[in-house]
Amino acid sequence: GEDVEQSLFLSVREGDSSVINCTYTDSSSTYLYWYKQEPGAGLQLLTYIFSNMDMKQDQRLTVLLNKKDKHLSLRIADTQTGDSAIYFCAERHKLSFGAGTTVTVRA
Amino acid sequence: SAVISQKPSRDICQRGTSLTIQCQVDSQVTMMFWYRQQPGQSLTLIATANQGSEATYESGFVIDKFPISRPNLTFSTLTVSNMSPEDSSIYLCSVQGTNTEAFFGQGTRLTVV
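One line per chain: the protein sequences are F and L, in this order. Position in the first sequence (from 1) plus 4 gives the number in our numbering. Position in the second sequence (from 1) plus 51 gives the number in our numbering.
Please keep in mind that the hints were generated in silico from the structure rather than gathered at the bench. Please note: incorrect hints may appear among the correct ones.
To list a few chain F residues with every Cβ distance to chain L over 10 Å, as calculated [as the list claims (entries may be wrong)]:
1) L14
2) R17
3) D30
4) Q48
5) Q61
6) R64
7) T66
8) D73
On the chain L side, residues computed to face chain F include the following (Cβ under 10 Å) [what the hints assert, rightly or not]:
9) Q57
10) L143
11) F154
12) F155
Even glycine gets a Cβ: it sits at the ideal position worked out from N, Cα and C.
Produce the entire structure from the sequences given, and follow the hints as far as they go.
Below, the structure is given as structure tokens:
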């Protein structure tokens, strides 16, 4: 099976919160990352979390990590149209990526 | 953060030809990687570019098809050899420095006709 799995699509209303979920299999992963990819663009590192942390907050972004369940989530508060993109989670060991979650923000 | 320049940003190539993609980083980095992102897909690691030695290829990728050079700690090239339409993808260079972050170049969008 895949090393990193994500849901593929998320539609959210402008101003609401978005939550993107990710599961991974490699328990030795020391860091887990969230990247954003806008159409036709490269990957932008949004944030990362060390495996001994439960939560990390950075402005509108909150990362939650449940190491026991190997579950990672990214919450975007007050979602804006500029947040429409594909979001990838990745684990550090071999920088394996999930399939990406396409987030569509509707007015 | 590391600034990564990839060249070319895009190209259209004839099948059977080869294309070399360059990746230049503005600081010395320990780890450099090459990824492929096929249309509508996630990223797949092709290989780790090792400075001063042969690259380490992932399953399904071979040196004859994707030769890689890493002459120093700031530069690497990936060649896509004997191209076919199936090689049409975005190819991305990535670096990891001494910190935890992994950064990506803007990618090279390759179309093989």
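Hint check:
no.: 1; hint: L14; in the structure: holds (16 Å)
no.: 2; hint: R17; in the structure: holds (25 Å)
no.: 3; hint: D30; in the structure: holds (14 Å)
no.: 4; hint: Q48; in the structure: violated (8 Å)
no.: 5; hint: Q61; in the structure: holds (17 Å)
no.: 6; hint: R64; in the structure: holds (19 Å)
no.: 7; hint: T66; in the structure: holds (18 Å)
no.: 8; hint: D73; in the structure: holds (22 Å)
no.: 9; hint: Q57; in the structure: holds (8 Å)
no.: 10; hint: L143; in the structure: holds (6 Å)
no.: 11; hint: F154; in the structure: holds (6 Å)
no.: 12; hint: F155; in the structure: holds (4 Å)
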